[in-house]
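With these hints in hand, go ahead and build the complete structure from the sequences.
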Amino acid sequence: MKRHPRLLSLFVFITLIIFIIVPFVPLLLSSLSFGWRWPDVLPESWSFRTWEYVLNDGRTWQAVGISLWIALIVTAVNILLAIPAANALVRYPVRGRWLFEAIIFAPIIIPPFISVMGIHLTFLRLGLTETVVGVVLAHIAPTLPYMFRAVMISYQTLSVDWEDQARMLGARAVPRFFHVVLPHLLPGILAGASLSVLISLSQYLITFIIGAGQVVTLPILLFPFVSGGDPGIASAYSLLYAAIAIAALVGMDAALKRYYQLNKASQGQAKGVKP
Amino acid sequence: MSDLRIIDIEKRYGAVQPKNDASFMLRPVRLSIREGEFFSLLGPSGCGKTTLLKLVAGLLEADGGEIWIGDKNLTNVPPESRQFAMVFQQSLLFPHKNIEDNVAFGLKMQKVGKKQRLKAARDMLEHVGLSGFGSRFPDELSGGQQQRVALARALVANPRVLLMDEPFSALDPGLREEMRELLSRIQKEFRVTVLFVTHDRDEAFALSDRIAIMGEGALRQVGNARELYERPDTTTVAAFLGLRNILSGALENGRFVSSDGFLEVDGISQLADGDYFMVIRPEAIKTAESDQSGHVRIQGIVQEMKYSRGMYSLKVRAGNQLLECLFTTAQAEKTTVGEAINLLVDMKEVRFLKE
Amino acid sequence: MWRKSKPYLLLLPAAGTIILLFFGGIFDGLLKSFGYFPAIGETELTFAAYDSLLHSGSFWESMALTLRIAALSSLLSAVIGALVALALFFLNDSMKSASPKAWHRLFQLPLTIPHLVAGYIIVLLFTQSGFVSRLLAAFGWIDDITDFPVLVNDPFGWGIILTYAWKEAPFVALMLYPVLSRIHGSWREVSRVFGAGNWQFVREVVVPVMMPAWAIATFIVFVFTFSAFEVPYLLGVTYPSVLPVYSYQLYTSGTLSDRPEALAVNMILAAITILLGLVAYYFSKRWNVLKGWG
Numbered sequence: 001m002k003r004h005p006r007l008l009s010l011f012v013f014i015t016l017i018i019f020i021i022v023p024f025v026p027l028l029l030s031s032l033s034f035g036w037r038w039p040d041v042l043p044e045s046w047s048f049r050t051w052e053y054v055l056n057d058g059r060t061w062q063a064v065g066i067s068l069w070i071a072l073i074v075t076a077v078n079i080l081l082a083i084p085a086a087n088a089l090v091r092y093p094v095r096g097r098w099l100f101e102a103i104i105f106a107p108i109i110i111p112p113f114i115s116v117m118g119i120h121l122t123f124l125r126l127g128l129t130e131t132v133v134g135v136v137l138a139h140i141a142p143t144l145p146y147m148f149r150a151v152m153i154s155y156q157t158l159s160v161d162w163e164d165q166a167r168m169l170g171a172r173a174v175p176r177f178f179h180v181v182l183p184h185l186l187p188g189i190l191a192g193a194s195l196s197v198l199i200s201l202s203q204y205l206i207t208f209i210i211g212a213g214q215v216v217t218l219p220i221l222l223f224p225f226v227s228g229g230d231p232g233i234a235s236a237y238s239l240l241y242a243a244i245a246i247a248a249l250v251g252m253d254a255a256l257k258r259y260y261q262l263n264k265a266s267q268g269q270a271k272g273v274k275p
Numbered sequence: 001m002s003d004l005r006i007i008d009i010e011k012r013y014g015a016v017q018p019k020n021d022a023s024f025m026l027r028p029v030r031l032s033i034r035e036g037e038f039f040s041l042l043g044p045s046g047c048g049k050t051t052l053l054k055l056v057a058g059l060l061e062a063d064g065g066e067i068w069i070g071d072k073n074l075t076n077v078p079p080e081s082r083q084f085a086m087v088f089q090q091s092l093l094f095p096h097k098n099i100e101d102n103v104a105f106g107l108k109m110q111k112v113g114k115k116q117r118l119k120a121a122r123d124m125l126e127h128v129g130l131s132g133f134g135s136r137f138p139d140e141l142s143g144g145q146q147q148r149v150a151l152a153r154a155l156v157a158n159p160r161v162l163l164m165d166e167p168f169s170a171l172d173p174g175l176r177e178e179m180r181e182l183l184s185r186i187q188k189e190f191r192v193t194v195l196f197v198t199h200d201r202d203e204a205f206a207l208s209d210r211i212a213i214m215g216e217g218a219l220r221q222v223g224n225a226r227e228l229y230e231r232p233d234t235t236t237v238a239a240f241l242g243l244r245n246i247l248s249g250a251l252e253n254g255r256f257v258s259s260d261g262f263l264e265v266d267g268i269s270q271l272a273d274g275d276y277f278m279v280i281r282p283e284a285i286k287t288a289e290s291d292q293s294g295h296v297r298i299q300g301i302v303q304e305m306k307y308s309r310g311m312y313s314l315k316v317r318a319g320n321q322l323l324e325c326l327f328t329t330a331q332a333e334k335t336t337v338g339e340a341i342n343l344l345v346d347m348k349e350v351r352f353l354k355e
Numbered sequence: 001m002w003r004k005s006k007p008y009l010l011l012l013p014a015a016g017t018i019i020l021l022f023f024g025g026i027f028d029g030l031l032k033s034f035g036y037f038p039a040i041g042e043t044e045l046t047f048a049a050y051d052s053l054l055h056s057g058s059f060w061e062s063m064a065l066t067l068r069i070a071a072l073s074s075l076l077s078a079v080i081g082a083l084v085a086l087a088l089f090f091l092n093d094s095m096k097s098a099s100p101k102a103w104h105r106l107f108q109l110p111l112t113i114p115h116l117v118a119g120y121i122i123v124l125l126f127t128q129s130g131f132v133s134r135l136l137a138a139f140g141w142i143d144d145i146t147d148f149p150v151l152v153n154d155p156f157g158w159g160i161i162l163t164y165a166w167k168e169a170p171f172v173a174l175m176l177y178p179v180l181s182r183i184h185g186s187w188r189e190v191s192r193v194f195g196a197g198n199w200q201f202v203r204e205v206v207v208p209v210m211m212p213a214w215a216i217a218t219f220i221v222f223v224f225t226f227s228a229f230e231v232p233y234l235l236g237v238t239y240p241s242v243l244p245v246y247s248y249q250l251y252t253s254g255t256l257s258d259r260p261e262a263l264a265v266n267m268i269l270a271a272i273t274i275l276l277g278l279v280a281y282y283f284s285k286r287w288n289v290l291k292g293w294g
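Residue numbers (UniProt numbering), protein chains in the order written: chain A, 1 to 275; chain B, 1 to 355; chain C, 1 to 294.
The set of hints was computed from the structure by calculation and includes no laboratory data. For clarity, every value in this text was computed on a predicted model and none was experimentally measured. Every residue gets a Cβ at the ideal spot worked out from N, C-alpha and C, and that includes glycine. The reader is advised that the hints may include incorrect statements.
To be verified - Here chain A is said to cover these stretches of chain B; the calculated rule only asks that three of the stretch's residues, wherever they fall, bring their Cβ under 8 Å from a Cβ of chain A:
id : stretch
1  : 83 to 89
2  : 102 to 112
3  : 149 to 163
Stated by the list, open to error - Label-pair restraints from in silico Cβ distances:
id : chain 1 : residue 1 : chain 2 : residue 2 : range
4  : B       : Lys114    : A       : Trp69     : 30 to 40 Å
5  : B       : Gly113    : A       : Gly127    : 43 to 53 Å
6  : C       : Trp141    : A       : Ala254    : 40 to 50 Å
Here is the structure:
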C-alpha cells in the first residue's frame with residue numbers, strides 16, 4: 001500500500017469517477033440515439049430528434065417556468081417565516097424551545113405526502129387543488145425546516161454586539177435589520193434558498209395530488225415518459241430536469257461567491273463576528 | 001452644562017429575585033461626570049464596570065435609578081435615541097460597507113444628506129490619521145486602523161457622551177500606547193465627555209481626569225490618579241493599584257506594631273487605637289545611607305532585582321514580609337541579590353487603613 | 001407584557017404555518033382514517049380501517065418489503081458512502097496541493113439529481129436490455145437479453161435499492177467527511193511513530209472516530225427510504241408495493257371506502273417515522289453528531 005500511493009490514488013479516483021459519472025452516460029447516449037438496439041454499446045446512428053422535440057415543445061418551457069416560479073414563491077415565503085422564528089429561538093429565552101424546534105423540524109422526518117393526502121379533501125373544498133397557490137402551500141412544509149436551520153445557524157454566528165453597535169450609532173429596529181442583520185444573514189439565507197429550491201423542484205407526489213395534473217411542473221411532465229414512454233425523450237427530459245436542478249444550485253452558489261467577492265467579507269472579518 | 005449624572009443606578013441578576021445581597025450585578029452607583037471630562041471605570045474583570053457602561057448606554061435595562069444628562073432624564077430613552085456613541089473591544093466595523101460608509105453610518109441614521117455625511121466622514125478620518133482609506137473595506141485594515149475607524153465612526157455624529165468598553169485591549173502593547181495618545185489628543189480637541197472602561201491601570205492613569213475603581217459590583221473609590229495611588233481608602237483598592245507592601249498590625253498609643261512583630265513605628269498620633277493595615281508605596285522606601293528623622297529603618301535581605309524603565313524593582317525579605325521597593329540605578333548598584341540591606345521608609349508617604 | 005410575548009409572536013408565523021398546513025393535514029388524515037367524513041355524513045369514529053389493514057395479507061407483505069428495501073438500501077449506501085469518504089480522505093491526504101473543493105462538488109452530484117431522474121438512470125443501466133447488459137454482451141459474458149437478471153421492476157426491489165445506493169451513498173459520505181477531516185494530520189504522524197500501518201491506522205483511529213456519525217447517517221437513510229414514494233413508484237412492481245405506494249394505490253383506487261385504509265397506512269407510517277426520528281435524534285444528541293440540527 002505504501003509503495004504505490006500514486007497508483008492507488010489513481011485507482012481510487014477512477015473508481016469514484018465510474019461511480020459518479022458513468023451512470024449519466026446511457027442517459028446521454030439514449031437522448032442522442034436514433035434506434036439503439038441490444039447488444040450495441042453505442043447507438044447505430046445519432047440524432048437530435050429527442051432534443052428538438054423536448055426543446056421545441058411549449059409544454060417544456062411552461063413546466064420549467066411553473067416549477068421555478070413555485071420554487072421561488074415557496075422560498076420567498078420560507079425566508080419571511082424563517083427569519084423571525086430563527087431570531088426568536090436564538091436571541092430570546094423561549095419556554096418550550098424543544099417543542100417549537102420539534103414542530104418546525106417535523107416535516108424532515110414525517111414524509112409530507114402523509115399530510116398532503118390528509119388535507120387533500122379540505123383543499124378540494126377550499127378550491128385550492130389544481131392551483132399554483134395550493135401547490136405552493138403543499139411545498140412549504142417540506143422546505144421550511146431547511147431554510148429555518150440555515151438562518152438559525154447564521155443568527156448564531158451574529159453576536160449581539162453588532163446590533164448594539166448599530167443602536168449606539170442611532171439605528172432604530174428597521175434600519176438595524178437592513179444594515180446589520182440582513183447582510184450577515186444573507187449567506188445563510190442563500191444556502192437555505194438553494195436547498196428550498198432544490199427540494200421544491202423535486203416534489204412529485206404532493207404536486208400531483210394537489211395540482212391534480214393541472215399544475216404541470218417538471219417532474220409531473222417527466223413521469224409519463226420515464227415510466228414507459230419513449231426512452232429517448234425520457235432521457236432528454238431527465239437531463240434537462242437534472243440540469244435545471246444543478247443550475248439552480250450552482251446559480252445560488254455563484255451568487256454567494258459573488259456576494260463575498262463584492263463585499264470583501266472575507267475570513268479575516270468573519271473572525272471578528274463572534275467576539 | 002450637560003454633565004452626565006448617574007443616580008443610584010443598579011442591576012440585579014434575574015430581575016425578579018428578592019432583594020438579597022448576593023443578587024446584585026451592580027450595587028446602586030451614584031456618579032456625576034462633568035462635560036468634557038475623561039472618566040474611567042477601572043477594575044478587574046467581573047467587577048461590574050461593563051455592566052455599568054451598558055446601563056449608561058441603555059443596552060441593559062436598569063432595575064432602579066436614573067440617568068440624566070444636563071436637565072434631561074434619559075432613563076427611559078432607548079439607546080438609539082440617547083445620542084451617545086460607543087466603541088467596543090472589537091472594532092465591529094460593518095464588513096459589507098467601506099470605511100467611509102462605516103464612519104458615515106451614524107449620520108445616515110440621522111438622515112443627513114449623502115454629500116454632507118461623506119464629507120464629515122472624510123474629515124473625521126483625517127483626524128484619526130486615516131485620510132485616503134475611505135474607499136477600502138474593513139478587512140483590508142490592520143487591527144489598530146480598524147479601531148481608529150471605530151473611533152471616528154463614534155465621534156462623527158457629535159455624541160453627548162462617548163462610551164468606550166476596553167477599546168484597546170485587543171491590540172498589541174505598542175499600538176495600544178499609540179492609540180492612547182491619539183484618543184487623548186482627539187478627546188481634548190472635541191471636548192467630548194468620555195466614559196472609559198478598562199482593567200489596565202496604566203491605561204486609566206495615562207488617560208483619565210478622574211477614575212472610579214470598582215470591585216465586586218460596587219464603586220470602591222473615585223478620584224484622580226494621584227489621589228487614588230497615594231491615598232487609597234482600602235487595601236483592596238491599594239492592592240488593585242499594584243501596592244503590594246501591605247502590613248497588617250495594631251496601633252496602640254501612637255505605636256504601630258506589625259502582626260509578625262518585625263516592624264515597630266512610633267509617633268503616629270493622629271489615629272485612634274485599633275487594628276490597621278500599613279501601606280508602603282515602593283517609592284517611599286530608600287536605601288539607608290544615614291539615619292533621617294521621620295523615617296523608619298528596616299533591615300532585610302535582597303531576594304530579587306529586576307530592571308525596568310530606568311529603575312530597579314527590588315524584592316526585600318524583611319521578617320515574614322516581602323517588601324517591594326523602587327530604586328534608582330545608582331542606589332541599586334550598591335547591592336546584589338542575597339545581600340543584607342538597610343531600608344528607610346518615609347513615614348510621610350505611609351498610609352494606615354482600617355480595611 | 002410585549003417583552004415576554006415577543007419571541008412567541010416571532011415564532012408564530014413559522015410554527016403556525018407548519019401546524020396548520022402540516023400537522024393539520026396529518027390530523028385531518030387521522031380523523032378520516034377513523035372513518036370521520038362529515039362531507040358524506042360519516043361522523044362516527046371506528047377502527048374499521050385499521051382492523052381490516054392489520055388483517056390483510058397485502059399490508060403485511062408491503063411492510064416486509066418496505067423494511068427489506070429500506071434496510072438493504074441503507075446498508076449498501078452506508079458501505080459505499082464510507083468507502084467514498086475514506087477514499088476522499090486518503091486522496092486529500094496524498095494530494096495536498098490539489099484543490100479538494102472541486103472534487104467534493106463532484107461527489108455531491110447524485111445528491112442534487114432529482115429522485116425521478118436517479119430512478120430513470122438506474123432503469124437505463126440495469127434493465128435487461130440496459131447499458132450494463134450491453135457491456136456484458138460486448139465482453140461476451142452473456143449471449144441473450146434474458147441472460148441478464150431482472151433488476152428493474154422486480155418483486156424484490158433491486159432497482160429501488162440500487163437507486164438509493166447511488167443517491168444516498170454521497171449523503172453518507174458527506175456526513176462522514178467532516179468527522180474524518182477532524183482527524184488531524186498529526187494523529188497520522190503519531191500513529192506512524194508508533195509503527196501503525198495504513199490499515200492499522202484505519203482500524204484503530206479512523207473507524208472508531210467515524211462510527212457514531214456513520215450509524216446516524218445510515219439511520220437517516222433508513223428513515224428516508226422507508227417513507228419515500230417516487231423511486232419505488234417508478235421502479236417497483238404493482239404487487240407487492242412499498243407502504244407509501246400501497247397507500248397511494250388505495251387512495252386512488254376509485255372507491256371512497258378504501259380511503260380510510262390509505263390514510264390508516266399513512267398514520268402507521270407517520271407513527272413509525274416519528275419513532276425512528278426520535279431514536280435518531282436521541283443518539284445524535286448523545287453522540288453529538290448533528291451539530292446545529294437544533
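Evaluation of the provided hints:
1. For the stretch 83 to 89 of chain B, the proposed coverage by chain A is satisfied: 6 residues have a C-beta within less than 8 Å of a C-beta in that chain, meeting the threshold of three.
2. Against chain A, the stretch 102 to 112 of chain B contributes 4 residues with a C-beta closer than 8 Å to a partner C-beta. That satisfies the three-residue criterion, and the hint holds.
3. Only residues whose C-beta sits within less than 8 Å of a C-beta in chain A count toward coverage, and the stretch 149 to 163 of chain B has 4 of them, enough to reach three; the restraint holds.
4. One distance hint, 30 to 40 Å for the beta-carbon pair Lys114 of chain B and Trp69 of chain A, holds here, with the actual separation near 37 Å.
5. For Gly113 of chain B paired with Gly127 of chain A, a C-beta distance near 52 Å keeps the hint of 43 to 53 Å intact.
6. Taking 40 to 50 Å as the suggested C-beta distance range, the pair Trp141 of chain C and Ala254 of chain A conforms, at roughly 45 Å.
The structure shown violates none of the earlier numbered hints.
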